[in-house]
Amino acid sequence: MRIKRFDRNQRLFHLFLMLTFLIQSGTGFGRLFITTDFGRSLSSIFGGYEIALVIHFWVGTIMMVGFTVHVVYLVKRIDRRNLLNSILGPDSLVLGPQDAKHLLQRIKWTLGLDSHPKLDRWAYWEKFDYWAVFWGLPLLAVTGIMLRFPLLTTKLLPGWTLNIAGLLHRAEAILAASFIFIVHFFIGHFRPHSFPMNEAMFSGTVHLEEALEEKPAWVDRLKKEGKLDPAMAKPPARWFRVFYFIFGYTALGFGLYILINGIVYGRYIQLH
Amino acid sequence: MGGALGLLIGLAVFVTILPGTAWAQEEVTSPIYQYRQKEMSTGYYEQHEASPLPYGPTTGGQVLREGVLTLAPTAAPVRRRTYLADSHQGLRFYRRLTCIKCHPRGALDIHTRRARLTCRQCHGPEPIAGINHYYSAMNSSRRHAYICAKCHEGASVSFATYVVHEPSAQSLATRESFPTLFYTYWGMLLLFLGTLAFFVPHSFMVGLRELVNPKEVFGEMMSKSSRFVRDRIPIYRSKLNEVHSKAKKERDKENMENEGDHAD
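In order, the protein sequence lines correspond to chains A and B.
Each residue of the first sequence is one higher than the last, beginning at 1 in the numbering used here.
Each residue of the second sequence is one higher than the last, beginning at 1 in the numbering used here.
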């Protein structure tokens with residue numbers, strides 16, 4: 001028995017972000033590490049040092065268009081008649097005091113000092129994932145535009161701001177990639193509960209049992225609101241599962257390739 | 001007539017007082033003076049930079065002899081090397097040195113490492129004028145036009161304030177020379193370390209908890225992915241089978257009790 005967790009739009013946003021993020025990581029780190037063998041190999045996948053920059057710029061532009069569409073989507077999803085609940089309610093990704101409570105309880109749970117928190121639709125680590133991307137994307141976009149158009153930038157700002165933009169762009173990229181390739185991958189796919197893959201974002205559904213285990217408050221709420229039955233969904237087709245397993249693991253492998261080589265070759269590059 | 005003569009003499013004296021001219025960008029602007037042609041070069045960066053030709057006659061001003069740099073403390077700021085027409089004048093064994101021998105960080109920036117520029121493509125041929133020398137192409141009053149604009153067409157004065165040879169961002173000295181860079185670096189580093197310092201151990205602890213005590217996590221209802229783990233990892237198989245059989249017994253017991261209650 002499966003229950004719907006993500007709708008088509010949400011899955012499309014994730015797929016879009018996944019693809020653009022991986023391309024940006026490949027082209028960006030390929031250029032950052034270009035003085036090393038790893039950087040040259042990575043860049044060569046994207047056509048070399050110069051072409052990688054062109055791809056990086058255009059995919060970044062597409063990413064920002066996607067981000068703008070997402071913001072419009074968010075604004076449209078706000079229920080103005082029920083504004084407070086819409087922004088701070090359990091279906092919202094806005095962090096609230098209950099997240100801090102769940103975090104502390106889960107830390108205690110890992111130490112065997114408390115029971116597992118009864119999580120609602122979004123867990124605190126999922127919210128953190130979301131907001132990390134939400135503030136990281138505009139920062140990368142603004143600094144990226146500054147670096148791409150230095151003459152225009154310096155008509156408005158002093159030239160030394162390009163030094164700061166360069167540092168911020170690289171540091172934020174390293175932070176984002178490290179978080180995704182270490183924490184997000186582990187939480188999403190490698191921890192025993194999710195292994196071999198958390199399929200929710202691809203199939204859009206989760207097992208009801210799984211939801212009851214990890215998000216009992218969400219299932220209870222759906223029951224109370226009479227939304228559980230309409231949320232029931234069919235399992236994904238076998239061919240589709242095979243497809244997204246291959247696709248997901250390819251993405252995962254690519255991310256780990258960048259992460260491991262980034263750590264190995266990190267000493268040969270400078271952040272600024 | 002006397003006045004005109006006086007003016008000429010005055011101008012001549014004035015010209016001699018002015019600092020000497022500095023070669024700026026001949027190697028780019030002139031097809032004749034290509035420094036690559038003038039110097040013996042193996043094509044490798046270090047060797048290429050190693051043997052400049054003897055100084056040309058354009059080096060003006062006071063030539064300081066080797067070992068006799070006797071400047072008064074008050075004169076030092078004025079005569080700093082960045083103000084000299086030949087910023088390396090008087091240095092011992094200068095002709096045998098490479099640029100990066102004395103300026104190691106100078107070759108670590110994006111221009112030299114990525115765009116593969118050599119020092120002289122911006123700083124000019126020998127004698128290399130100090131960046132603050134009045135006639136130097138590197139002087140901030142014209143750097144944007146004479147140097148930056150070679151590649152960045154349309155570069156402005158503001159553009160030329162980009163710090164090509166960035167100081168080490170983490171260094172304490174940078175707090176004085178480029179504080180924004182210093183604080184940006186440390187801010188981002190703290191954010192990076194703080195994020196990973198929390199989430200990596202946290203994720204590890206969660207993973208460990210799920211691994212060593214599956215009962216609380218999986219209960220008796222197992223997701224397909226959890227079954228995947230159970231079926232492939234022996235320790236899980238035995239542990240979970242044990243948990244499941246115990247849970248089944250408890251459930252059966254409960255059912256029996258309930259049935260008993262109903263029968264009564």
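In short, the hints are calculated from the structure, not lab data.
Glycine residues also receive a C-beta, built at the ideal position from the N, C-alpha and C atoms.
It cannot be assumed that every hint is accurate.
Residues of chain A clear of chain B, computed beta-carbon distances all greater than 12 angstroms [what the hints assert, rightly or not]: (1) 16; (2) 23; (3) 168; (4) 232; (5) 240; (6) 260.
Which residues of chain B face chain A? A few of them, derived with a C-beta cut under 10 angstroms, are [to be verified]: (7) 114; (8) 189; (9) 191; (10) 192; (11) 202; (12) 206; (13) 210.
Ranges between beta-carbon positions, derived for each pair [unchecked claim]: (14) 103/B - 14/A: 27 to 37 angstroms; (15) 83/A - 252/B: 49 to 59 angstroms; (16) 74/A - 145/B: 42 to 52 angstroms.
What hint numbers does the structure not satisfy?
-> 3, 14
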